[in-house]
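Student: Here is what each chain is made of, one letter per residue.
There are 2 protein chains.
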Amino acid sequence: MEHLREPDDIVALAGGVGAGKFLRGLASDTGSFTVVVNTGDDITLHGLHICPDVDSVVYALAGEHDPERGWGRRDETFRATTELRARFDSPEAWFNLGDLDLATHLFRTDLLRRGATLTEATAALAGRFGISARILPMSDDPAPTMVETVDPDTGAHRTMHFQEYWVRRGARDAVNAVRLDHARVAHPAPGVLEALAAAPAILICPSNPVASLAPILAVRGIREELAAHRDRVVGISPIVRGAPLRGMADKLMPAAGLEVTALGAARAYEGLLGAWVVDERDRDLAPLIERELGVRVGITNTIMSDDDDAAALARFARGMIA
Amino acid sequence: MEHLREPDDIVALAGGVGAGKFLRGLASDTGSFTVVVNTGDDITLHGLHICPDVDSVVYALAGEHDPERGWGRRDETFRATTELRARFDSPEAWFNLGDLDLATHLFRTDLLRRGATLTEATAALAGRFGISARILPMSDDPAPTMVETVDPDTGAHRTMHFQEYWVRRGARDAVNAVRLDHARVAHPAPGVLEALAAAPAILICPSNPVASLAPILAVRGIREELAAHRDRVVGISPIVRGAPLRGMADKLMPAAGLEVTALGAARAYEGLLGAWVVDERDRDLAPLIERELGVRVGITNTIMSDDDDAAALARFARGMIA
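Each protein sequence line maps, in turn, to chains A and B. For what it's worth, our numbering labels the leading residue of the first sequence as 115, then goes sequentially. For what it's worth, our numbering labels the leading residue of the second sequence as 115, then goes sequentially.
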């Protein structure tokens, strides 16, 4: 599916769930935009190529997401995964694949096996979900985010895939480092750098800065592109009053040397931001952030209780670009 | 899962559904046996390696089959396939893959991708279903049965995979030939010839002789092994009073030059049979079959209304070997 689009799409950099919510607001506020999605948490399980963040964004934009669970499809069942776990004792069944979700993974994996790039497979997927926004993976190259952990019970050191740390182990290990070695040698997907160069605004979604955004920024040339156009870059803090709005956005921030505050999250993007949006309840942090990071700080409601809230937040963020 | 087994297992040659019913009877009648299963209808769809006959046999022996539908798992749902069909418009979604069934295909495909042979993957599958019988694919080599068809509407000639003819097109095309070229160059799976050579009895299940059994017999050396031991070979007619007991066992028989009778089915195994079991209602055909094919004909009830019927039929068939 090929989209006719303006050359000057707004670009949003996105992780998974938090981004999905925000992007629904952006979609209702603007016609055409491009999303560059983290693929550092992509993983192959049961031979299927799974892109958790791409799928969260696609499902959210299509209104097919499960708002309560926070990931996957709504009206989902888990019969195949339950069978893989119970009968087949599959060592990979710790990752819950819904039965509808499986259709997505089968569709994508089959396209990749037939020679499609991840960019092409993602465009096809988005097309099947009727999404008009352009969804780009950050890279067509495999770029798994690895986590160096210390088992809290045994003290054993391990380096594991991000999903294993996040989902299988429930983020319960101490983290010594988040390794983006693969992302650092990955090339940006076709169109990513061009979209960033031409974008009138680059929005950093309220996603986990370490788990979701750092992998995107580690891909060759992406950080430099943002730095070159920082006057057009607006980030939205995923942290409000020292805690994540949803999910585990606070996890890994300390391991990356970032305090879990709207200031700490902003520091993850030091040198890249023209503006930073914080929640009204973090109003008191605004002068400090402006002084420390030299960015304009916007203050608004960042709690997206519904799509209207998300649209208002997206509008506010866009408005930060003069 | 490795089985301890007697070297002199009974061997059954099996297609899918009809065989599954019979094998449930054999399992209740005898402890240890080996099943050599047709893999001519195996097909790769959505990148998954699907073995319809192997799975029918495994599900039946485990009591996990759907007796009404005649294929697949009981208590099955079809959410992933429905999604592949409706949303993804998948050109391969004409084959119904249940959600529980998908777990089987993911398990097997992943094993194959990691280097297991089909024999090994089948043994692992059977183990997960708690089956004590040894289930052997006829071959580890791909051996798709192809069908030369004539479209009844357009007159167009096509050569297609057996499953496409059988499932996608509902066996509605005229058939010029069933091609077993791949089976003819396939090597028997490890253990098949040895099992046949040592078997005190070789049972040909009441499956479609053209679609299910001919591919097995086409594999290198298998026909010769039966011919060498024909005194120990007993076949059970899938045809009663000129019609199949279930499924489409009559389909393809005319294309192979076989009349749809208990005699026609026996002719499919000409030179290979020591004995042939026909239904009581075909009692009148017995003398003709004995004379024409030079085999002993056993007459019993072959309609398997329940497992007891199937056990009685299996016992009867074994009893045909002196």
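Quick caveat, the hints were computed from the structure, so don't treat them as lab data. On a predicted model such as this, the values are computed, not experimentally measured, just so you know. Quick reminder that beta carbons are idealized off the backbone N, C-alpha and C, glycines included. Certain hints may be false.
So, partial list: chain A residues that the calculated Cβ filter (under 8 Å) puts toward chain B [what the hints assert, rightly or not]:
{"hint": "1", "residue": "213"}
{"hint": "2", "residue": "216"}
{"hint": "3", "residue": "223"}
{"hint": "4", "residue": "231"}
{"hint": "5", "residue": "242"}
{"hint": "6", "residue": "372"}
{"hint": "7", "residue": "374"}
{"hint": "8", "residue": "381"}
{"hint": "9", "residue": "384"}
Student: Holds or violated: residue 381 (chain A) as interface residue toward chain B, Cβ cutoff 8 Å?
Tutor: violated (42 Å)
Student: Would the hint on residue 223 (chain A) stand, with a C-beta cut-off of 8 Å toward chain B?
Tutor: holds (6 Å)
Student: Min Cβ distance, residue 242 (chain A) to chain B: is it shorter than 8 Å?
Tutor: This interface hint holds because 5 Å falls under the 8 Å limit.
Student: Would you settle whether the hint for residue 231 (chain A) is holds or violated, based on the nearest Cβ-Cβ distance to chain B being less than 8 Å?
Tutor: Since chain B brings no Cβ nearer than about 17 Å to residue 231 (chain A), farther than 8 Å, the hint is violated.
Student: Using the nearest Cβ pair, does residue 372 (chain A) come within less than 8 Å of chain B?
Tutor: With a minimum Cβ separation of about 38 Å from chain B (threshold 8 Å), the hint on residue 372 (chain A) is violated.
Student: Closer than 8 Å between Cβ atoms is the bar; does residue 213 (chain A) clear it against chain B? Give me holds or violated.
Tutor: Constraint on residue 213 (chain A) satisfied, holds at 4 Å.
Student: Can you verify the interface hint for residue 216 (chain A): is its Cβ closer than 8 Å to any Cβ in chain B?
Tutor: OK, holds: residue 216 (chain A) within 8 Å of chain B, min 5 Å.
Student: Could you check if residue 374 (chain A) really has its C-beta closer than 8 Å to a C-beta on chain B?
Tutor: Violated - the Cβ of residue 374 (chain A) stays beyond 8 Å from chain B, reaching only about 39 Å at its closest.
Student: The hint names residue 384 (chain A) as touching chain B; please verify it with the least Cβ-Cβ distance against 8 Å.
Tutor: violated (42 Å)
Taken one by one, the earlier hints fail for this structure at numbers 4, 6, 7, 8, 9, listed in ascending order.
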